[in-house]
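If you're matching them up, the sequences are chains R and F in order. Going left to right, the first sequence walks through residues 1 to 113 as my numbering numbers them. Going left to right, the second sequence walks through residues 1001 to 1112 as my numbering numbers them.
Hints are supplied without guarantee of correctness; some may be wrong.
[Claimed, not checked] Each pair of labels, with its calculated beta carbon distance range:
id: 1; chain 1: R; residue 1: Y100; chain 2: F; residue 2: P1040; range: 24 to 32 angstroms
id: 2; chain 1: F; residue 1: S1053; chain 2: R; residue 2: K57; range: 27 to 35 angstroms
id: 3; chain 1: R; residue 1: F12; chain 2: F; residue 2: P1040; range: 14 to 22 angstroms
id: 4; chain 1: F; residue 1: E1011; chain 2: R; residue 2: K57; range: 32 to 40 angstroms
[As the list claims (entries may be wrong)] Here are the simulated DSS-like cross-link-like pairs (lysine-lysine), alpha carbons at most 27 angstroms apart as the crow flies:
id: 5; chain 1: R; residue 1: K83; chain 2: R; residue 2: K9
id: 6; chain 1: R; residue 1: K9; chain 2: R; residue 2: K57
id: 7; chain 1: F; residue 1: K1003; chain 2: F; residue 2: K1099
id: 8; chain 1: R; residue 1: K70; chain 2: R; residue 2: K9
id: 9; chain 1: R; residue 1: K9; chain 2: F; residue 2: K1099
id: 10; chain 1: R; residue 1: K83; chain 2: F; residue 2: K1099
id: 11; chain 1: R; residue 1: K57; chain 2: F; residue 2: K1099
id: 12; chain 1: F; residue 1: K1003; chain 2: R; residue 2: K57
id: 13; chain 1: R; residue 1: K83; chain 2: F; residue 2: K1003
id: 14; chain 1: F; residue 1: K1069; chain 2: F; residue 2: K1003
id: 15; chain 1: R; residue 1: K9; chain 2: R; residue 2: K71
id: 16; chain 1: F; residue 1: K1099; chain 2: F; residue 2: K1069
id: 17; chain 1: R; residue 1: K57; chain 2: R; residue 2: K71
id: 18; chain 1: R; residue 1: K70; chain 2: F; residue 2: K1099
id: 19; chain 1: R; residue 1: K70; chain 2: R; residue 2: K57
id: 20; chain 1: R; residue 1: K71; chain 2: F; residue 2: K1099
id: 21; chain 1: R; residue 1: K57; chain 2: R; residue 2: K14
id: 22; chain 1: R; residue 1: K83; chain 2: R; residue 2: K57
[To be verified] Here are a few chain R residues that sit away from chain F, every Cβ distance over 10 angstroms (derived from the structure):
id: 23; residue: G16
id: 24; residue: V19
id: 25; residue: E24
id: 26; residue: L27
id: 27; residue: G63
id: 28; residue: T79
id: 29; residue: N84
id: 30; residue: T111
Hints listed in this document are in silico derivations from the structure and should not be mistaken for laboratory results. This one's a predicted model, so the numbers in the text were calculated from it and none came from an experiment. Ideal Cβ placement from N, Cα and C applies to all residues, glycine included.
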Amino acid sequence: DGGITQSPKYLFRKEGQNVTLSCEQNLNHDAMYWYRQDPGQGLRLIYYSQIVNDFQKGDIAEGYSVSREKKESFPLTVTSAQKNPTAFYLCATKWTGISYEQYFGPGTRLTVT
Amino acid sequence: DAKTTQPNSMESNEEEPVHLPCNHSTISGTDYIHWYRQLPSQGPEYVIHGLTSNVNNRMASLAIAEDRKSSTLILHRATLRDAAVYYCILSFLTSGTYKYIFGTGTRLKVLA
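Please work from the sequences and hints to get the whole structure.
Listed below in structure tokens is the structure:
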């Protein structure tokens, strides 16, 4: 099956710990994105990557880091510097090109206490 | 970055058409207009997108104003499964890829 896998679906961490969220895709899409969603809010862009070994900060990158060592994988690390890390995190992918749509994964709900 | 404005919520009766409005008065000439919908605790699902002309697909229609400062998503016959949060989004090219700006969305309630 082609698609986007985010694991785990639910993640719990203690405050002060770094945590890495996984995003894997087998759609052969070039571009990958990470979004954060808070309750009742829209999505906000954290980081995005067009090609391997290249990524750009989105609107709320502070306290987060990413890597893009393989086309299929774009992991997101939520560091202890992120002041309010509890949120729903969504990974998306997209073909390069004029106006192709984004495909979203099922999301990871992170709770930090 | 351009922004979109949508009503917080709307209601519709089942099997009636629904018109979901979106204002994007600061849109640039090359920005695309996308619509996605999201069910609780799921990732958003693509609905439709367009640039200047009206668009139709199996899910919906997109009507774009002539000045492109507003658009309307049309669900021709709402069903209970269409109840979701609908996002009107602008996408634009930056650093070689398309960036998407999400608004706060419209929560559509469908009444049986």
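Hint check:
At about 26 angstroms, the CB distance of Y100/R to P1040/F agrees with the hint of 24 to 32 angstroms. Here the CB-CB span from S1053/F to K57/R is close to 34 angstroms, well matched to the stated 27 to 35 angstroms. For the hinted restraint 14 to 22 angstroms between F12/R and P1040/F, the CB-CB distance of approximately 20 angstroms keeps it satisfied. At about 39 angstroms, the beta-carbon gap between E1011/F and K57/R stays in the expected band of 32 to 40 angstroms.
Our distance criterion of 27 angstroms between C-alpha atoms is met by K83/R and K9/R, whose separation comes to about 22 angstroms. Distance hint between K9/R and K57/R is fulfilled; the C-alpha atoms sit about 24 angstroms from each other, no more than 27 angstroms. Simply put, K1003/F and K1099/F have alpha-carbon atoms about 12 angstroms apart, close enough for the 27 angstroms limit, and the pair holds. Under the criterion of a C-alpha separation no larger than 27 angstroms, the hint pairing K70/R with K9/R is consistent with the structure, at around 22 angstroms.
For the hint linking K9/R to K1099/F, the alpha-carbon distance of about 25 angstroms falls within 27 angstroms, and the restraint holds. Simply put, K83/R and K1099/F have alpha-carbon atoms about 25 angstroms apart, close enough for the 27 angstroms limit, and the pair holds. For the suggested pair K57/R and K1099/F, the alpha carbons sit about 11 angstroms apart, so the restraint of at most 27 angstroms is met. In summary, the hint linking K1003/F to K57/R is supported, as the alpha carbons are separated by about 19 angstroms, within the 27 angstroms threshold.
Only pairs whose Cα atoms come within 27 angstroms are accepted, and K83/R paired with K1003/F is accepted, the gap being roughly 26 angstroms. Proximity of K1069/F to K1003/F is assessed by CA-CA distance (about 11 angstroms); at most 27 angstroms being required, the pair is judged to hold. Distance hint between K9/R and K71/R is fulfilled; the C-alpha atoms sit about 22 angstroms from each other, no more than 27 angstroms. Of the pairs offered as hints, the one joining K1099/F and K1069/F holds, with about 19 angstroms between alpha carbons and a cut-off of 27 angstroms not exceeded.
Distance restraint check for K57/R and K71/R: the Cα-Cα separation of roughly 18 angstroms lies within the 27 angstroms cut-off, and the hinted pair is therefore satisfied. Restraint check: the Cα-Cα separation between K70/R and K1099/F comes to about 21 angstroms, which is no more than 27 angstroms; the hinted pair holds. The hinted pair formed by K70/R and K57/R meets the criterion: a straight-line CA distance of about 18 angstroms does not exceed 27 angstroms. Taken as a hint, the K71/R and K1099/F pair is honoured in the structure, with Cα atoms around 18 angstroms apart against an allowance of 27 angstroms.
Straight-line distance between C-alpha atoms of K57/R and K14/R comes to about 26 angstroms, which keeps the hinted pair within the 27 angstroms bound. For the proposed pair K83/R and K57/R, the alpha carbon gap of about 17 angstroms is at most 27 angstroms, so the pair holds. The Cβ of G16/R lies farther than 10 angstroms from every Cβ of chain F, with a closest approach of about 27 angstroms, so its non-interface assignment holds. Taking the minimum C-beta to C-beta distance to chain F, about 19 angstroms, the non-interface status of V19/R holds against the 10 angstroms cut.
Once the 10 angstroms rule is applied to beta carbons, E24/R is consistent with being away from chain F; the minimum gap is 14 angstroms. Chain F leaves L27/R outside its interface by the beta-carbon criterion, the shortest separation being 13 angstroms against a cut-off of 10 angstroms. Consistency note on G63/R: stated as away from chain F, and its beta-carbon is indeed over 10 angstroms from all of that chain's, at 20 angstroms minimum. Every beta carbon of chain F lies more than 10 angstroms from that of T79/R, the smallest distance being close to 23 angstroms; the non-interface claim holds.
Remark: the non-interface label on N84/R is consistent with the geometry, its nearest Cβ contact in chain F lying 18 angstroms away (cut-off 10 angstroms). For T111/R, the requirement that its beta carbon stay farther than 10 angstroms from each beta carbon of chain F is met, with the minimum near 13 angstroms.
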